[in-house]
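Given chain W, work out where chains Y, R and F should sit, using these hints.
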Amino acid sequence: MSGEQVASEPFEPVVIGFTCNWCSYRAADLAGTARIKYAPNVRLIRLMCSGRLDPTFILDALARGADGVLISGCHPGECHYVDQNLNTLRRFRMLERILPALGIEPQRVQLVWASAAEGTQLAHEIDRMVEEVRGLGPLDWPARMAAAGGRTGPGVSPVGWPAGSRGEPEPGAIKGATEPPGVHA
Amino acid sequence: MSAGNGRPAGAAAAGVANEAGRPRIGVYVCHCGTNIAGTVDVAEVRRWAEERLADRGVVVARDYKFMCSSLGQELIEKDVAELGLDRVVVAACSPHMHEATFRGACARAGLNPYLCELVSIREQDSWVHTDGVAATAKARAILSGGVERVRHHEPLEPLRVHINPATLVVGGGIAGIQTALEIADAGFPVYLVEREPSIGGHMAQFDKTFPTLDCSACILTPRMYSAGSHPNVRLLTWSEVINVEGFVGSFKVTVLRKARYIDTDLCTGCGICQEKCPRKILDVVYEAGLGYRKGVYTPFPQAVPKYPVIDRANCTFFDNGKCKACEKFCPTGAIDFEQQDEIVTLEVGNIVLATGYELFDPRRIAQYGYGRLANVFTSLEFERLSNAAGPTQGRVVLRDGVTEPRTVGIIHCVGSRDRNFNNYCSAICCMQSLKFAHLVKEHTGATVYEFYIDMRTAAKAYDEFYQRVLEEGTIFVRGKVAEVTEVARTPEEEGKLVLQVEDTLIGRQRRIPVDMVILSCGLEPRHDTKKVAQLFGISCSADGWLIEKHPKLDPVATMEEGVFIAGCVSGPKDIPTSVAQGAAAAARVLGHIQQGELALEPIKAAVDPDVCSGCRICNGLCPFNAITFREDRMVSEVNPALCQGCGTCVAACPAGAMSGTCFSDEQILAQVEGLLLANLQGTAGREAVSA
Amino acid sequence: MIVQEVVPGRGRTGNARFLEEVSAATAGVSRLEMCIQCGCCGGSCPSAAEMDHTPRRLFALIRAGMRDEVLASNTPWMCVSCYHCVVRCPQGVHVVDVMYTLKSMAAHQRAYRDATAPDFSRTFVRNVEAYGRSFELGLTALHYLKHFRLRLPGMAPMGIGMMTRGRLGLRPRRIEGSDQLAAILRRAKGLEDGS
Amino acid sequence: MSHYLYYPGCSMESSAAAYRESLETVLGPLGIRLEEIDDWNCCGATEYVGISLLPAYALIARNLALAARQADGTRTLVAACSACYLNLAKADHYLQESRTLAANVNSALGAGGLAYRAGSVTVRHLLEVIITDVGLDAVRAAVSRPLSGLRVAPYLGCMVPRPDPDHRWTDHERPRELDLLLAALGAEVVDYPLKTECCGGHMTQISPAIGFELIRRLIAEATRLGADLMVTVCPMCQMNVDAFQGETNRHFGTHYRMPILFYTQLMGLAFGREAREVGIGRELVDARPALARIGLPVPSTAAEETPETKAARIEAAHRRRQALPMPPMPGDAREEGPR
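For the record, the sequence lines run as chains W, Y, R and F.
If you read the first sequence in the working numbering, its first letter stands for residue 20, the second for the next number, and so on.
If you read the second sequence in the working numbering, its first letter stands for residue -17, the second for the next number, and so on.
If you read the third sequence in the working numbering, its first letter stands for residue 997, the second for the next number, and so on.
If you read the fourth sequence in the working numbering, its first letter stands for residue 4, the second for the next number, and so on.
Only true hints are included.
In silico lysine-lysine, DSSO-like type, Cα no more than 30 Å apart, as pairs:
# : chain 1 : residue 1 : chain 2 : residue 2
1 : W       : K56       : Y       : K512
2 : Y       : K442      : Y       : K423
3 : Y       : K288      : Y       : K234
4 : W       : K56       : Y       : K534
5 : Y       : K478      : F       : K313
6 : Y       : K47       : W       : K56
7 : W       : K56       : Y       : K531
Bear in mind the hints are in silico, worked out from the structure with no lab data behind them.
Predicted model only: the values in this text are computed from it and were never measured.
Next comes chain W alone, as it looks inside the complex (with noise of 0.2 Å):
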């Protein structure tokens, strides 16, 4: 998988990042007015709530290339939008447990709540992230499902599927899928 990458250069892991309007993207400009650092892999997409994140939004951004995606919202209980974050945490537990169907390792996609006040905090673990992922290696998902027996190409459909791998799971499944309310981390 990695094998064809360039010995030459180092491998630099690209993390999307779905952030809050209230909390986690606060929290990363307040790592910025502190002058915090961090690795720069990582790309910010502010969300108004982390509730917003359609798991299929996380497929399309590793089927496209990225490496790893960062999903971060208010703490449990901190939600601008009453308990929204509780579905991204059902939707990120269910997504757990498809990647490794998918070919995917299960730490490339990570849950980080982080409140305005914590861009500290948000910044150890972006860099935290960053060093698993590169851990890893390059994702290069397309390549590593056509080798694992070409059950989908690159191509990316409207909605963010990769081609082959409609209907398994049911793309469906996962945007209704909502578990009992009261099921809690």
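Using the frame of chain W, we list chains Y, R and F on its own:
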């Protein structure tokens, strides 16, 4: 209110795909002086955008020293007009800083402001990375993400909401009183909610205020009285907010009014019930544990309102059904044991939180001996001790209630500037300690030692007060007291409290025997601040104080539109600052009221009824009950007035029928694509990091 | 007491480095650079009276780069490892561990003025290296013989009392893996000298 | 039977023999089984790390590595000696904190065919195991001869409650564990303000005058408070206060006679063991006069009220009425009062 899904009539519904021709995007890279340009090669980013993003619709790219300056904005306005731009991407600071600025520039040029996207290459790039090459590569990726995203933006109109002119102020200390009076004097109704039986807060406990030594009661009581009698202020004391719904302009607040067991229409506040009540209770709130109150009580004689409350948990009648002494002796028959707790709902347009602080509990510092050594006092205890209306009528005496101290040690920074407890400086302790030194001298003539680490007297007339206390002969020892012990080593130490400290200006350990120790305790967030924050949808800092919208430029606003903060709830403050903040919060509220309505971000969810399968998964998800199921059409529907725009329903809809403005699937996926540079021909995402 | 002058030109670079050097040689994170000179350590110290500098002042000397003055100080050797300063320090400075570092630096360079304490530690270490266990009688006897010969007669009743009550072994106990331990310590010393 | 790995430490074999003997008598009644680490070595006390850091940590780590290897069903390593407990706990803590230290220590261990992964064993002190795992109720249940009437000053010394890297103790300055244990044995526990002050440590060896002054403070305060004896958890404290008490008296010209015993000795006595079985008699300052009252009826303290005592009582009541209230403390009955 003219809520809708925010789309102006006739606007294209699905972004670029449906528009004729290619988008015409302008890209503007800000240097922010050296803030960005010091790390990121902005000219290179601009060049790259010109070349590599041209086939993504970028027709012009510029870099400029300060994009937010009027010249920078004019640059954008000019390009929109002259080059016919229909999309703008600014790579500069956080959208929380300048999004409104650049949207404004676009609007002035006739471009719908929602067709402008601000991406952060400062807070999330130049400020957090040191490697210029990697930071520049990341800036390219971030910009690319913005460009892809903006292609899917649609023209939108802000939502306009009506502002209810009534305001809720939570907390009846000096900050809350000031806010309430400012708004009420401007002619608008205010509800002032206070947990205790009277307003007044901590200031009502003090005897003198630094640096002027004004009598605290003399300057506070008139304000309390005004608040209590103002036709525009409705006091709800002995009450707590238990629920908050809605948003700026139309909050719906539920308040629990605990039963007073007093008919306030009949009560004259004569105080006979308090005299006759046989139940004596240690008053840990107003008397700081140094005095007693009755089961039926007003915390202090000047209380506003004047009506007492019956403390149900400490009432003999409620314990065993006997007593009723208060009822027997009440001349107007105002005692009413049948009263019930009451729930009231208030409709307000704005909310000001002024819930104050709590004193650091020095029992956590065992080596200072508070609670074990009788003559160690907290700052609040000393306030009561020196107060003419306090438990000793203003006599400064030891715990035995009789003996005047001949030597007093005052310890600064108790629980503050100490990573075992609180990292922050409590701001008021130096001045409060100086005040104590003065009062001890004045009341007893005792020798006073002040033990400090650094003297902080940075406000008007504060350092002059320090000079005065020096003149009075107070002995200053620079050193953090290590311990207070009763174990004597010499005959002079027998029966005394010994302060063991390094006098750092001599470089020697000293043991200084005193009769009384005053701990200048720091201020802490109230123990339930986190709960309050959640109730009102705002957040706490790591130290537990509420967070301002901007610590310097917007100190009384919060991230939640229409919720403001004043006084110590956001961190330790002296009285002048708390009062100033109270007035500032009032000014912000009055600004909203004066406008009558407010423009809000049109971030809302909407259902496409043709696609909705009626599965109702979204119905239960919405925390604001904004989604209802239309039985007649078998589809779900979003009530835009209730929707807060979190987007959880969008993510959950299995049919893809739910969409969210400003954060649509297309926009987010496009941004991901851009960030990974998957939008470019023949490049991999990795390029941006390692190139 | 002679306070060493910092030589202009030479002092500057040596200055800041000394704090770093002490910090780097300390187990865990020393937080020495966080000291705000409040004196809580010096106020807490049970042997402060006997120290030529309070710990706080010693830290200021380290910060000033006054290496010789610091390593000659008796302060680290007077430390009794009571950890009062450590738990009270408002800045979380690992005072005791820094003292250990200064001791080992001074011991290494024989920079101390009074050899009593370093000798005691060395005797202890030699015992442990030889047997794997500490040998109280040998330690005390040797040490007193060298440094407090005059006190020895006064201590005799105590020594005899300890012995008659079965509290002093007359010969040291050796562990079975003393060779293994020696190998471990040898490599540890090699690593330390190498670094 | 709860099973733990056990690190005795050098002093248990010599100067603290009484600790070892008494400890063995209380394990059975408490349901504790201690399994000694095979061929453990000295922890280095407070001396080795003052000479060279890495060898000192390697020395400690050999014990941790042996313990980890021997771990079978339990990974809790119990130490009874304060310095040993601290050294083991602190080393494990720093090995977790610093990767460099861990790498170097492991490299050294490798020379002896050993390795240790930080955090593999949990280091705890015997007293804390008794309080937390066994519980005071079980202790009370094992007491057959309450120590009623015996006034004891609990003395922990420094290294157990401080620096407490794993946050196991109620307070750094005034922990309550030993007080609670002694109260459970039926003893009258003095609120001893110097309970975590320093005994002088190695000062008795390297700067005797300081050492003697620190010892004097401890015994003077215990005497002033009317304690019959001091009770400690630490071999070093016991040694200093007991064995150097004579020298201290000679140094200051004082005549203190303050016995000091290990908590396990009092536990053994309270559990019904004979004085000899729990090492009583090994102390230089004889504890037997104070213990003579154990097992004997305690003299009544309620004497007839004379006019003088009555006047004093009335005076005291009057003073109480004038006095300002004290803040309630944790564990104080008043704490539950109105808030």
